[in-house]
Structures are given as structure tokens and as C-alpha cells.
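Dock chain B against chain A, hints included.
Just so you know, the protein sequences line up as chains A and B, in that order. Numbered according to our numbering, the first sequence spans residues 12 to 296. Numbered according to our numbering, the second sequence spans residues 12 to 296.
Do not rely on the hints blindly, as some may be mistaken.
Since copy identity is lost for identical chains, a pair holds within one copy or between any two.
Distance condition first, Cα-Cα at most 20 angstroms in a straight line; then the derived SDA-like pairs of lysine to any residue [stated by the list, open to error]:
| # | residue 1 | residue 2 |
| --- | --- | --- |
| 1 | Lys234 | Arg219 |
| 2 | Lys234 | Ala43 |
| 3 | Lys234 | Asp191 |
| 4 | Lys234 | Val79 |
| 5 | Lys234 | Asp30 |
| 6 | Lys234 | Asp60 |
| 7 | Lys234 | Asn127 |
| 8 | Lys234 | Asp59 |
Hint data in this document are derived by calculation from the structure and do not stem from the laboratory.
One-letter residues, chain by chain:
2 protein chains.
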Amino acid sequence: MTDRLSEEGLTAEVLARLDATSDPRLREIMQALVRHLHAFAREIRLTDDEWLAGIRFLTETGHKCDEVRQEFILLSDTLGLSSLVDLINHSDVESMATEPTILGPFYVPESPWRENGDSIVEYDDGGQPTIVRGVVHGEDGAAIAGAVIDVWHNAATGFYAVQQPDEQPATNLRGRFRTDADGRYEFRTVRPVPYPIPNDGPVGHLLRETGRHEWRAAHIHLKVSADGFRPLTTHVFDRQSDYLDSDTVFGVKDSLIADFAPGPDGVLVCEYDFVLHGDEQGEIA
Amino acid sequence: MTDRLSEEGLTAEVLARLDATSDPRLREIMQALVRHLHAFAREIRLTDDEWLAGIRFLTETGHKCDEVRQEFILLSDTLGLSSLVDLINHSDVESMATEPTILGPFYVPESPWRENGDSIVEYDDGGQPTIVRGVVHGEDGAAIAGAVIDVWHNAATGFYAVQQPDEQPATNLRGRFRTDADGRYEFRTVRPVPYPIPNDGPVGHLLRETGRHEWRAAHIHLKVSADGFRPLTTHVFDRQSDYLDSDTVFGVKDSLIADFAPGPDGVLVCEYDFVLHGDEQGEIA
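The following block holds chain A by itself, in its conformation from the complex:
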């Protein structure tokens, strides 16, 4: 019979049905989603049982989500989608600016303002004392005074303050700083450590089935912003950390790896300069 429905014919029928979507952006997204979803199924010749396994995986992932656990974000992270969305929206391969990376789930706004040189350690966890410092400048090399550095990272236990409300002070290992007249920032802290993403759900199971681990390489999170420049959200990674080549959420970029070098009195020193992208006309992005 010449009028039998073909696989491509079915896809065309679904796309045509979506033409009635009134919001043009939603129409574009849904039609692209259907094209790519159907192309995936056709390419791998998805079987009935595999389809059902996918339905069950998504259902378990949804059931694992609650007020404090977001298993779909973990799934997006471990499939590299979160990092890709970050690249799409916040990067520019032609730029000389510092590369961005993902925000992650542990950012808390309104960290305390602190003075350059101050410590962000409010709780002794036995971590290795560390000084982090550097300069914030534009792509032309000119130092930026008054830039804001908003920093957060985990304790030597592996946990962020927000994960341990009964043990760590809420503002432990968090702080906001302003660069001085020469664009310099400096703070004291402890060395960050690698940590696992939650691995007791479907995403952890999928990682094991695909021969992967659940660890993130050790890093400090920073948001850097200044009037007239594009805001930056990034990490600085410890060059001595495990998992730099296999960070399970694909957050590592070579340019974000820094030395935590031995300094005076057994204190480590991490020097890292941030380069902000100056938007045309000096507009704030």
C-alpha cells in the first residue's frame, strides 16, 4: 500500500500539529524537540522494552525530586547539558575574558561583605589554610576598581555550609569582596576538596552503569561583576585535585585550573586574575 504511514511521515504529522502553537518561541522549541527526539529513536531503533525502561527511569527521577533534592538537574549536569547551556548563554569563544562555568546548586545570595585580606572561615574544619588573591581587569588589561567578588566553596568535610545547617555557620566559607583601586582582591580560607554528587538515586545508578564516578574536582565558586562588564560565574580549580579529567558534571576548563602553591608559614597561595568582558557601549549585560 502506498499510503502506509512512514516513520518520517509520522514525524511530519506531529510537527504540523504543533503549528497551532500561538507563542512562536514555544513553537520553535517544541518542533525542534520533536525532530531531535524522533531522530534519536529512529537512529537507534528504540525497542518497546527500551522505551519502557526510559519511561521508568524518568518516573523514578521525578519521584526522587523534593524540596531539597533535584534529580533532573543532576541528570542535566551529568549529561553535560547544564554546562552546554552555560556555554550557549555565557561564553564567547572569540573573547579573551575568563571562561564561565556552571553555577551549581549551592549558591546562596547575600553573603556577608568582608574586607580584602579577611578570612571567610567561621568554623574550624581542619582544612589547609589558603590565601586566594589576584586582579580583576578588562580585556584591554586595565584594572577594574570596585569589582565585586562573591565567593563560596566547601569545607574540608566535603560539605557546603548550606548542606550542614546544624554544624556550619550559615555564612561559613562565603563572602563578598570589592577590588581595591588597583583591581586587587584577597581573602583567606581553607583548601576546597573534591566531593560526590548525590549517588543514591537513578542518576547515580546511571553513572555506575556507564562506568563513571560521582565526584567533582576541588574548586572555589566565584561570581565576579563590575559596572559596564558582563557578569561572570565561574570556578577556580585546584591543580592538585583528583577528578580534573573526569569531573562528573563537566565543569572543568583548562584555563580555570590554578596552582595552590606553598607560601610562608605553611599557608597555600592561589593567585588567579579574572578578565571581564566589556560589553559594547559599556552597557551592563
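Using the frame of chain A, we list chain B on its own:
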């Protein structure tokens, strides 16, 4: 900087990470999934807010699923994925056999055996009396004696027996028949009616946002099987039904639409012949 991570470079990194998957089929599926998922995000330039809307949609879809509600299957159905998987696994555009369509959520195995000519109506719902009959034959036209026809459909209220355990007998509008020596089958029933898929969850919301309705065209479900032939799962649609051109789960195929024509004594007659695909060597698929 020439070593900045590009979008394509990130995708390549994720694909390489999946090389460690020990099961070759899982590796193939996951790598194809990542390629198509990333291609989707790159093509539409998925924004941070759209990504988060997607995470929330999937989470709500998961939370809507319980023992009796499967919102991810509804999502698959309304995106045409279920029909595509059916085509991939159970159709053959070169074949002369009756086209398959989706199983749907209301199939219950072990329907009662009934004699040709018997009624499957066990509960008076005021539906229009109908006779359904025809012949089961192979692609060569030879009648198949002893073929099994397993039928189920909804009542005039719109509901299947399995949806109304307190109102309809469990085996209402269900039955199994065997074709006679001439390959003929016949049963009495009531006319099926259109019905909406559940529309009070995220999938219903998405249908409305994309200008679609939640209705299925009126149909009778049938599984047809016989030794030496590929089992068939399909529907027969009522040519007078609304929604034939917009069945919300993409189950309609032109060749599956039949007349429910006025017969003697005000009883409708639907004649439909089924053609089974004979597997090579007469093997059972």
C-alpha cells in the same frame, strides 16, 4: 585563547566519557541521546530560563505519576514518540499486512473466550448496538482459521471497564474470539466513542499551550494473532468520529478507518478484514 572549550568540544568530551560503558547497547543509546540532546540545545540556543522551565516541567510530570497515572507515557504519546516506537518495531512499509497502532494503557490480558456472534456487552450503557465482523487472512489472501481476535473498547460513557471498577463489570466490552474454518470472526457490541486523555497534569497544560486538544478519535482495540504470523496490535476507527484528523496520540492511520454502516433492525455493521504478515519460514515473531 585558542584552547577555550567550544560547544562542540564539550559534546565530544561527554561522548568520550561514555566510552567506558560496558554494555555496548547502553553505550550506543546514551551516546546517541547526548548527541541529539546537545544538538537540540545548540540549535534553539536554549536559555537559562528555558532550561529551568524544562527541569520544572519534567519534575511536575514525575510527581504526577503514581500507581494509576503515568504522565510520562502521556507525554510520549502526545509527542508522537509512542507511535514512532510502534512503527519502528511493528510496521513495515513494504508489507501488505494490516497496519499496527499503539497498545494504549487500557489493555487487560485474559479477556473471556466467547463464541463467534456473541456479545461483549455485559452492562447497558445506552450505546448504539453494533456488529463487528470480517475475515482474517494472510498476505496471499488465504483465510486463516483459528486466528485469535482479542478485543477491548470503551463504553458510551467514554470509559473502559478497567477505569470504572465500581460501575462496569471487569470484562465488559472485552472478549477473545477464534476465527472459523473460513477465517471469519463476528461479535456484537456498542459503538465506541471519543474520549479525552487525562488533562489535569503538565501534559494537559502543554497541549493547551500548543493549541491542541486532549481527545482521541473513537476506536475499537484489537490484537490479532495466529501461528506462523506476526502478531498484530491495532485499532479500527469509526469513520464518523470526530478527531480522526487530530487524534491527540497520533494513533490514526487511514487504512484503519472503517464504516459503521446502518444494518437491519437499527444495528450498525462494521466490516473489517485483518491481513497478517507471514514471517519467513513460518516462524512466530
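Right, here's what the structure says about each hint:
1. Lys234 - Arg219: neither (32 angstroms within a copy, 39 angstroms between copies)
2. Lys234 - Ala43: neither (33 angstroms within a copy, 34 angstroms between copies)
3. Lys234 - Asp191: within (17 angstroms within a copy, 77 angstroms between copies)
4. Lys234 - Val79: So Lys234 and Val79 fail the 20 angstroms test inside a copy (23 angstroms) and across (46 angstroms) alike.
5. Lys234 - Asp30: Neither: 41 angstroms inside a chain and 34 angstroms across chains, both beyond 20 angstroms.
6. Lys234 - Asp60: between (45 angstroms within a copy, 19 angstroms between copies)
7. Lys234 - Asn127: within (16 angstroms within a copy, 75 angstroms between copies)
8. Lys234 - Asp59: Only across copies: Lys234 and Asp59 sit 16 angstroms apart there, 46 angstroms inside one copy, limit 20 angstroms.
Going through the hint list in order, the structure does not satisfy hints 1, 2, 4 and 5.
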